[in-house]
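Chains as they are written, first to last, in this note's numbering: chain A, 1 to 129; chain B, 130 to 369.
It is possible that part of the hints are untrue.
As the list claims (entries may be wrong) - Which residues of chain B face chain A? A few of them, derived with a C-beta cut under 10 Å, are: (1) A149; (2) A194; (3) S208; (4) V238; (5) G239; (6) T242; (7) L261; (8) S263; (9) L291.
Unchecked claim - FRET-style restraints, in silico, Cβ to Cβ: (10) A6(A) x R164(B): 22 to 30 Å; (11) C14(A) x D134(B): 38 to 46 Å; (12) A229(B) x L10(A): 25 to 33 Å; (13) D56(A) x F366(B): 37 to 45 Å; (14) T89(A) x D134(B): 44 to 52 Å; (15) H169(B) x L77(A): 21 to 29 Å; (16) V245(B) x S108(A): 16 to 24 Å; (17) L158(B) x D56(A): 20 to 28 Å.
FYI, nobody ran anything at the bench for these hints, they're computed from the structure. Keep in mind that this is a model prediction, so the values were computed, not measured. All C-beta atoms, glycine included, are put in the ideal place defined by N, C-alpha and C.
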Amino acid sequence: MLIAEASRVLACLCAGEILAGSGILPFPGPVIGLVFLYGNPALIGEVPKPLGRIADNVLGVLGMLFVPTGVGLLAYLDLLREELVPIVTAIFGGTLITIIVTALAAKSLVVLDAEKRRSAEQEAPDAAV
Amino acid sequence: MPQFDVTLWHNIALLPAIGAGATVGAYVLALRLHRWSGGHAILNPTLVAIVIVALAVKFSGLDYATYAQSASVVTFALSPAVVLLAVPLFRQRQLVRASARMIAAALTVGLPTGVVSAIGIAWLLNGNRVTLLSLAPKSTTAGIAIGISEKIGGLPALTAVLVIMTGITGAVFGALAMRQLGVRDSRAVGLAMGIASHGIGTSRALQIGEVAGAFAGLGMGLNGILTAILLPIAATFWAP
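This is chain B alone, in the form it adopts within the complex:
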C-alpha cells in the first residue's frame, strides 16, 4: 500500500474539482436538510453549508487558504449573479418605478442605521479601532465591503467574514422580526432584507417571492453603491 503523501494531498486539494465540488455538495446537503425541516429559518442553507465545509477543511488537515483557492470559482460566480439581479428587477420595473419614494426612504434610513448601529454597539463594548472600521461596511455585499474596508483602514478579510455573519443574521431572523412588527408589504420586506443583509438576505427574500426578491436586489445594489461612495468620505472625518 502506498504511503499517505501529505504534499500530494495538498496539491490535489488545490484542484477546483475538490473545493468547488465540496462547496456545491455541502450546499445540496444543506438544502435537503432545510427542506426536510420544513424550511426552518435557523437551518439557513448558507450557514449549514459553511459549517459542513469548515468541518471538512479542518478534519482533512488542510488550511483555509488552500480551500479558498480551490473554491474560488464559486466565489467568482457572485459577480455574474449580481449582474443577473437585473432580471427580477426588470420584470418588476413598473412596481419599482411606482415605489421610488419608498425606496428612497428605506435607503435614507437604512444605510446610516446599518453603519452607525454596528459601530456604535462595538464601540460601547470597547471594540478596538480595527474592529470598528472592519464592521462599518458590513451591510454591503462581500465584494463591495472588502473594497470599502481596504480604503478606510479595516481588515478586508475580517470584513468579508463579518459580511457573511450579517447576511446570515438577517436571513435567519429578519423575516421573523418583520412579521412580529406586522410588516407584510413584500416591497418593504425585500428592501429591508437587501439593505441590511445584502446578497444572503436577498437570497432569503427570493424564497419569499419575486417582488420581495427584486426589491431586495435593488436595496442591496443601491446600498452598496451609496455606501461605497459615502463611507470613505465619512471616514476621513474620523481621524485616529
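Only chain A is shown next, with the shape it has when bound in the complex:
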C-alpha cells in the first residue's frame, strides 16, 4: 500500500528528528531517518514495490526541492555583490577542485583493485603447480 510505505518513511524521519533534536544523537535528523529506513525489516530481501515507486518519483525531482532555498539569493544580493569575487571564485574553483580530486582518489582505487585482481589471477596458476 502506497500510503503505508509513505507513513513508514515519515515515521523514520520523525524518529530521526526526535533523536537529533533532543541531542541524543549528534547527526542530522533526516540522515538518522535514512539509517532507520535502511535497517527497516520491510527492506529485508527486496524493496517493497510501493516504496520503490515513492523513492524513484521523489528522488527524480530532488533538484526541485532546492529551488526555494536557491531563490534566497535575492535576499543576499547586496552581501554577495560586496564579496562577489571571493565568493564566486571559491564556489566555482573549490567545487571543481573537490570533484576532480575526489574522483581521482576514488579512481586510483579502481585501478589499484583491478591491478591486484590481475596479479592474483596471474599468480593463481603458479600456486596451483
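Position chain B against the provided structure of chain A, taking the given hints into account.
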C-alpha cells in the same frame, strides 16, 4: 472594477498554493527546456527554475520572505527525500559493501579538500571572516550546512545560498570535468558528485544511473555527518 489591493495580494501570496505552485510549475518548465535542449548541462533544471521563480518574485512586487514562507512545503520535502536515499542505497548494497575502501578514500580526500579549497581561495582573495565561515560547510546538503554555519559563526542564510551555488556548479560542470579526466567508473563519479555537491549533485548523478545515484547519496550522507562532527571541532582552533 475593484482597486488592486496590495495587502490582499500579499496575503494571497502567503498561501502555499501560490509559492509551492509557482515552484513546481517553474520546475516543470525548466525540465521541458532541459529536455528540449537535449539535456544540455548548463540548462540545469534547478538553476533554470531558480531564475524563473526569482524573476517572478521580483516582478510580482513580493519579497523573498513571503515566497519562502509559502513555498516552505517544498523545502520540507527535502527531509523525507534524504530518508528515501536509503532505497537506491539498499538496492546497490552489495556493490556498496564491496567498495568500502573506495568510499573511505573518497571521503578522506574529498571532505577536507571541499572545506579547505573554498576557504583558501576566498582567503587569498581577501574575503572577510564571515564569508569564510559561511563558505566552510558549502559542500554539505542545505539542512546540515545551515546547522554547521550557525555553530561556527557564519551566516546561516548566506550559507544556504552558497550551498545551492555549490550544488549547481557541481551538477553543471562536474560530469564534464570527470569525463575529461577519464573517470568513467560510476561509483567514483557518484561519490565525487555527492561529496562535492550534495543533493543537487546527487540529483544529477541519479540521471546518469542508479549506481552513480546510490554512491552520490552515500557520499552526500557520510560527508554531511562527518563534516557536521569535524568542522565545529576544527573551527575552535581558529579563534578570531
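Outcome of the hint check:
With a cut of 10 Å, the hint placing A149(B) at the interface with chain A holds, because the nearest CB-to-CB distance is about 9 Å. With a cut of 10 Å, the hint placing A194(B) at the interface with chain A holds, because the nearest CB-to-CB distance is about 7 Å. Because the closest C-beta pair between S208(B) and chain A is about 4 Å apart, less than 10 Å, the hint holds. At its closest, the beta carbon of V238(B) sits 4 Å from a beta carbon of chain A; the interface hint therefore holds under the 10 Å criterion.
Taking 10 Å as the C-beta contact cut-off toward chain A, the hint placing G239(B) at the interface holds, the least distance being around 4 Å. With its C-beta approaching chain A no nearer than about 5 Å, T242(B) sits inside the 10 Å limit, and its interface hint holds. Checking L261(B) against chain A: minimum C-beta separation of about 8 Å stays under 10 Å; hint holds. Using the Cβ-Cβ criterion of 10 Å, the hint placing S263(B) at the interface with chain A is satisfied: the shortest such distance is roughly 9 Å.
About 6 Å separates the beta-carbon of L291(B) from the nearest beta-carbon of chain A, less than 10 Å, and the hint is met. One distance hint, 22 to 30 Å for the beta-carbon pair A6(A) and R164(B), holds here, with the actual separation near 28 Å. Distance hint check: the CB atoms of C14(A) and D134(B) are about 40 Å apart, consistent with the given range 38 to 46 Å. The supplied range of 25 to 33 Å is met by A229(B) and L10(A), whose beta-carbon atoms lie about 30 Å from each other.
As the Cβ distance of D56(A) to F366(B) is approximately 44 Å, the hint placing it in 37 to 45 Å holds. Between T89(A) and D134(B) the beta carbon distance is about 45 Å. The supplied range of 44 to 52 Å therefore holds. Between H169(B) and L77(A) the beta carbons are some 27 Å apart, a value that agrees with the proposed interval 21 to 29 Å. A hinted range of 16 to 24 Å holds for the C-beta pair V245(B) and S108(A), which are about 20 Å apart.
Against the hinted window of 20 to 28 Å, the Cβ-Cβ separation of L158(B) and D56(A) comes to about 22 Å, which satisfies the hint.
Hint compliance for this structure: every hint is met.
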